[in-house]
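Peer 1: Based on the provided sequences and hints, a complete structural model is requested.
Same order as they appear, the protein sequences are chains W and Z. Just so you know, the first sequence maps onto residues 430 to 738 in the working numbering. Just so you know, the second sequence maps onto residues 794 to 973 in the working numbering.
Treat the hints with caution; some may be incorrect.
[Unchecked claim] Computed Cβ-Cβ distance ranges for the label pairs, DEER-style:
1) Z:851 x W:668: 53 to 63 angstroms
2) Z:943 x W:569: 33 to 43 angstroms
3) W:611 x Z:943: 30 to 40 angstroms
4) Z:840 x W:734: 13 to 23 angstroms
5) W:559 x Z:916: 25 to 35 angstroms
6) W:708 x Z:870: 28 to 38 angstroms
7) W:648 x Z:860: 19 to 29 angstroms
8) Z:847 x W:653: 20 to 30 angstroms
Rather than coming from a laboratory, the hints here were simulated on the basis of the structure. Backbone N, C-alpha and C fix where the C-beta goes; we use that ideal spot for every residue, glycine too.
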Amino acid sequence: MKSIIITFLVLFISYIIKAQELYPNSEPASINPKNTLGIRLMNEAYLTKDITRSWHGAMFMYGVNSKFMLSAMFTTSNHHYKSLPANFIQKDTNNVEYVPNNNTTTQKYNYAFESINLGFRYRFLNKDGDHKHFRMALYGNGVYAFQPHDEAETTLMGDNKGIGGGIISTVLINKLAISFTGGVVKPFSYKEKQTTINYGNAYNYSLSFGYLVYPFKYKNFNQTNINLYAEFLGKSYDAMSITNNRKDVVLQNNKAYDNGNYIEFRPAIQFIVKSNLRIDCSTSLPIMNKSYIRNYPLCMLNLQYYIFL
Amino acid sequence: MMKNKVMYMLLALIINTTAFANFVNAKVKVTGVTCSMCSNSVNKALSSLTFVDKIDVDLENAVFTISFKSSEKVIIDEIKNKIEGAGFSVGELIAEFKFESVAITNDFHYQFQNNIYHFVNVKNQNLNNIVAVKFVDKGLTSAKEFKKYTTLTTFKCIKTGTTEACCNSNIKQRIYHITI
Numbered sequence: 430m431k432s433i434i435i436t437f438l439v440l441f442i443s444y445i446i447k448a449q450e451l452y453p454n455s456e457p458a459s460i461n462p463k464n465t466l467g468i469r470l471m472n473e474a475y476l477t478k479d480i481t482r483s484w485h486g487a488m489f490m491y492g493v494n495s496k497f498m499l500s501a502m503f504t505t506s507n508h509h510y511k512s513l514p515a516n517f518i519q520k521d522t523n524n525v526e527y528v529p530n531n532n533t534t535t536q537k538y539n540y541a542f543e544s545i546n547l548g549f550r551y552r553f554l555n556k557d558g559d560h561k562h563f564r565m566a567l568y569g570n571g572v573y574a575f576q577p578h579d580e581a582e583t584t585l586m587g588d589n590k591g592i593g594g595g596i597i598s599t600v601l602i603n604k605l606a607i608s609f610t611g612g613v614v615k616p617f618s619y620k621e622k623q624t625t626i627n628y629g630n631a632y633n634y635s636l637s638f639g640y641l642v643y644p645f646k647y648k649n650f651n652q653t654n655i656n657l658y659a660e661f662l663g664k665s666y667d668a669m670s671i672t673n674n675r676k677d678v679v680l681q682n683n684k685a686y687d688n689g690n691y692i693e694f695r696p697a698i699q700f701i702v703k704s705n706l707r708i709d710c711s712t713s714l715p716i717m718n719k720s721y722i723r724n725y726p727l728c729m730l731n732l733q734y735y736i737f738l
Numbered sequence: 794m795m796k797n798k799v800m801y802m803l804l805a806l807i808i809n810t811t812a813f814a815n816f817v818n819a820k821v822k823v824t825g826v827t828c829s830m831c832s833n834s835v836n837k838a839l840s841s842l843t844f845v846d847k848i849d850v851d852l853e854n855a856v857f858t859i860s861f862k863s864s865e866k867v868i869i870d871e872i873k874n875k876i877e878g879a880g881f882s883v884g885e886l887i888a889e890f891k892f893e894s895v896a897i898t899n900d901f902h903y904q905f906q907n908n909i910y911h912f913v914n915v916k917n918q919n920l921n922n923i924v925a926v927k928f929v930d931k932g933l934t935s936a937k938e939f940k941k942y943t944t945l946t947t948f949k950c951i952k953t954g955t956t957e958a959c960c961n962s963n964i965k966q967r968i969y970h971i972t973i
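Peer 2: Right, here's the structure in full:
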């Protein structure tokens, strides 16, 4: 009986809703329209014991042609030290160098220009049909980050210097839009004076669903659209290692230094005003393990606007 | 001789300017569109075409009705390019064409504004006044429809979209395939 009700509910919901693929926390295989500049302002915040940590990014996207787009992102945050603290590496009584498992520095996390990220997306497959489509795209990013990152999990959102890329498949069947992304992050080492931090690769994957909840019928471009999204973002990453004067430094037991994997659930609500201004509000909750480079819940607010050149 | 040449040129100009008025509008069904933001991109892209006068959008069905400026030459491929540039595809394109007593037969090649329009799968008839013609070329209709129409003519030009040996033309040029 229960399964019948659930099946009925799912069928009913899928009947009244429409698919949407403007995912707030991942990119679809579709690309920026040709000769159009997309500007996205991204904000992310979470609380720690002492301060509110926040991250801000400005992304500029340009559609070169119907299959290829370029992007440039500039980020700032209060996530990092300007440089490694003086007491980052300590010595024990046997003169063995180690990084303590708890941060004892009093150095402050100030806002600083964090990174420049240049990227592309290439849509290599496009099958459009009536009320359905299937698209596949390749993406790649190269990042120059300026500040030290002292945790094993790497990102190309401002934490690490490095390159990354992957593949995206987006399918829309009737009223359900599903997108799958699989990617890899290959970070470069961080070097400061005699200290080198080596990071392992990270592998990211995501599964996203999107629905239009309002309006029931599109009438004109001035109607505000409301969309709901459910996204699942997973990541696995290798451990980090540190050398000082070319000698290995012991990393005290801390999960942030170790390899790991996790899956987050990211629900989101999206408003599209006058068919151009996109406002995404989302949060992130861990559903399997968790990330050690942030606290939960994570709050995100993105704004996006297209300029038709 | 010179006078004749000038007269001929003037005549050609008059014929051409009146001929430009022959495209009235086009109804384009765009596939792959899922949001009003996507429709907006298509609308903006189509609006940038010099021969477009006005666009009426049926957002629910992603159907764009484009009215053309009578003074400008209409290039159907440009409509397709703009839609594809915005990231979508043409699912169906039906244009209203003003004919002035044009007798057509199946596989008739109609020369108009430096383009050839090939009538596919039509009965012998005399076209007068406004007639809705459907484009069946690759990229101007769904893949399924295009495939269907390639089997409805023995002419090879439907596959390439340019004049072939079948067209009795020495110049390689665009040939649109239309049906009624």
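Peer 1: Could you run down the list of hints and mark each one as holding or not?
Peer 2: Structure-based check of each hint:
1. Z:851 x W:668: 53 to 63 angstroms: 56 angstroms, holds
2. Z:943 x W:569: 33 to 43 angstroms: 38 angstroms Cβ-Cβ, so the 33 to 43 angstroms window holds.
3. W:611 x Z:943: 30 to 40 angstroms: The hint (30 to 40 angstroms, Cβ to Cβ) holds, given that residue 611 (chain W) and residue 943 (chain Z) are roughly 37 angstroms apart.
4. Z:840 x W:734: 13 to 23 angstroms: Holds: the Cβ-Cβ distance is about 18 angstroms, inside 13 to 23 angstroms.
5. W:559 x Z:916: 25 to 35 angstroms: The hint (25 to 35 angstroms, Cβ to Cβ) holds, given that residue 559 (chain W) and residue 916 (chain Z) are roughly 28 angstroms apart.
6. W:708 x Z:870: 28 to 38 angstroms: Hint holds: Cβ distance 37 angstroms, inside 28 to 38 angstroms.
7. W:648 x Z:860: 19 to 29 angstroms: Since the Cβ atoms of residue 648 (chain W) and residue 860 (chain Z) sit about 20 angstroms apart, the hinted range of 19 to 29 angstroms holds.
8. Z:847 x W:653: 20 to 30 angstroms: About 25 angstroms separates the Cβ atoms of residue 847 (chain Z) and residue 653 (chain W), which means 20 to 30 angstroms holds.
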